[in-house]
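S.K.: Chain residues, written in single-letter form:
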Amino acid sequence: MSVSANYNLGLAVDETQNMGDVIGNITFAHTTVTAGKLDASTVPNAQLVFHDSFNIDAAPLAAGVLDLTSMATGPLGSTVNFTGKKIRLVKISAHVDNTDVVTITRKDVGSGYNLFGLDHTTAESVTLSPGCSIMAYHLATAEVITGTFKNVLFTSPTDADANVTVELVAGVA
Amino acid sequence: MAVSVNYNLGLAVDETQNMGDGAGDVTFSYSSATAGKIDASTSVKAEYAFSDTFQLVAGTYTLHLHNMVGPLASVVNFTDKKVLLVKIACPITNTDPVLVTKSAGTPYNLFGEDAADADRITVEPGETYLAYHPETLAVVAVGERSVDFTSADLTADVTIELVAGVT
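As given, the protein sequences belong to chains Y and G, one line each in that order. The first sequence maps to residues 573 to 745 in the working numbering. The second sequence maps to residues 80 to 246 in the working numbering.
Just chain G, same shape as in the assembly (with noise of 0.2 Å):
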């Protein structure tokens, strides 16, 4: 199985200001690129991905990284691989914010060192967070693979998409 990934954290914003009557319009510009391709031959070294739209029972969801399905129903386990990158979206038509944190039992931190921080995110209706960590999350192990979705909608979409690999 070989991946390869294509990634954009891309935010260009133009400010025009008007400066008077003798200058005119000035625009500064501001971009940053966090963009690249990542494989099985770069240094950040991509191996593994998932991605799926999923719905919450109840008003909850856990998804246990070792045990994912991919493409015709094959089992896809990032076990002694490290996520990389992280994009999580909710549709518009969710009635209420996801919270996305590590599990009480097996906690991986998908926004943080590892699992002894308590990073989380709350994506609201509408919105979506993309974050590339390059080799710096943790490992994902027997003890520390799993991430919770919970929400106030009993029945909210979350998609997201991960891609793993190794140092």
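Just chain Y, same shape as in the assembly (with noise of 0.2 Å):
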């Protein structure tokens, strides 16, 4: 199996401001790229991946955990499993009709794979309200994922069946 993986984190902006009459208009831009193609020959690389669209009250989730090291709905049924690997992409983003914000963050630090900090001993967050997306770029550093240290939750307050949209891609150094 091998997996490539084109990713953008793309923000470029043009601020115009008004100078007076004699300057008029000048533009200044604000842009940032960070882009790239991971795959088995970068380093980082790119090993395994796996997308999903799906309820935070129903499967691959159990009592809205992800377990990182069997992941249902890979192709063709199969389960995909992250099991000493790192991650290096996340991209999550909640449904634009969720009807109210999905927190993502580590299990616990028992059990919990942490996709937003350095590793399971620290308990970083993001909640994502309707239409909202996060993506994050880990160079090299995120922890290796274990038979320990494994689950992601996802929790909402009111909306027991938000839906969110999950792809994660995961290699070595």
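Hints in this document: simulated from the structure, not taken from any laboratory. Source: prediction; values computed, not measured. Keep in mind that a hint or two might mislead.
Claimed, not checked - Distance ranges between label pairs, derived from CB positions:
#	chain 1	residue 1	chain 2	residue 2	range
1	G	Ala102	Y	Thr655	38 to 46 Å
2	Y	Gly719	G	Thr121	31 to 39 Å
3	Y	Val615	G	Thr95	29 to 37 Å
4	G	Asp93	Y	Thr655	17 to 25 Å
5	Y	Ala584	G	Ala91	15 to 23 Å
6	G	Asn146	Y	Leu648	54 to 62 Å
All C-beta atoms, glycine included, are put in the ideal place defined by N, C-alpha and C.
Assembling the complex is the task here: the two chains are given apart, and the hints tell you how they should meet.
M.R.: Shown next as structure tokens:
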């Protein structure tokens, strides 16, 4: 199996200010490009991928938990297992029709996997309102997924069946 | 002042599996595009922008969203606006991660609904985050306008881009 991942975290802003009658408008550009391609030959590399849209009260989650070592709904009904890999790319979107926010964090310090921080010992989190997206590029620094540290928790205060789309790319350095 | 913003949270992945001698290789493609353009005329209205690369001082830095330095030393003030897009990156030369969180005194949550939530991220050397919040973060206000950056790397660098507007 091989994986090729093209990523782009692009934000280009033109800010135009009127400097008065003599000078007129001047445009200032705020642009940062973070883009590239990961595959088996790159550093970091990409080896496995998981992509799915699901309600947080249904499979592949169990009690709101995504187990990174056992993700159903891979191609042809396969199970995707990230054991021994690190997360390189994360993209999570909350469906615009959700009725409340969705918070994504590690399950707990004993079994959690931290998608937004160094390792399971800290409790980083993001909360996505309906229609929101977040994407992260982790160079080579994320924690290795193991049989112990593997669980990502999705919760919503009132929208029990909130829908999210998750894309994850994993590999080893 | 006018702002025109092109954003793209793009991730396109091809996964190729060998299905055996009969079928050979089969490629499965996964792609999700969250991209668009916002300005003063769009429903998600972009009005202000801020970008900077700054260095932590003694391992800490507080960004006040009502008092940021813009082009030609102007003051960028997001008061009464909502942050719509956030991009934060740390260079590979940093020696420790940078924690991004709401400030204690006048907290603004860049990664959650409002200051009541405890959302935060850690940006390790070489990492980048981009978040799109269409009109859903809190309004920047007197009591809700500051973001903290802290690190064991006392002089860590951070590059940030923010776009703000109103609904």
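S.K.: Against this structure, judge whether each hint is valid.
M.R.: Right, here's what the structure says about each hint:
no.: 1; hint: Ala102(G) to Thr655(Y): 38 to 46 Å; verdict: 27 Å, violated
no.: 2; hint: Gly719(Y) to Thr121(G): 31 to 39 Å; verdict: 47 Å, violated
no.: 3; hint: Val615(Y) to Thr95(G): 29 to 37 Å; verdict: 20 Å, violated
no.: 4; hint: Asp93(G) to Thr655(Y): 17 to 25 Å; verdict: 23 Å, holds
no.: 5; hint: Ala584(Y) to Ala91(G): 15 to 23 Å; verdict: 19 Å, holds
no.: 6; hint: Asn146(G) to Leu648(Y): 54 to 62 Å; verdict: 55 Å, holds
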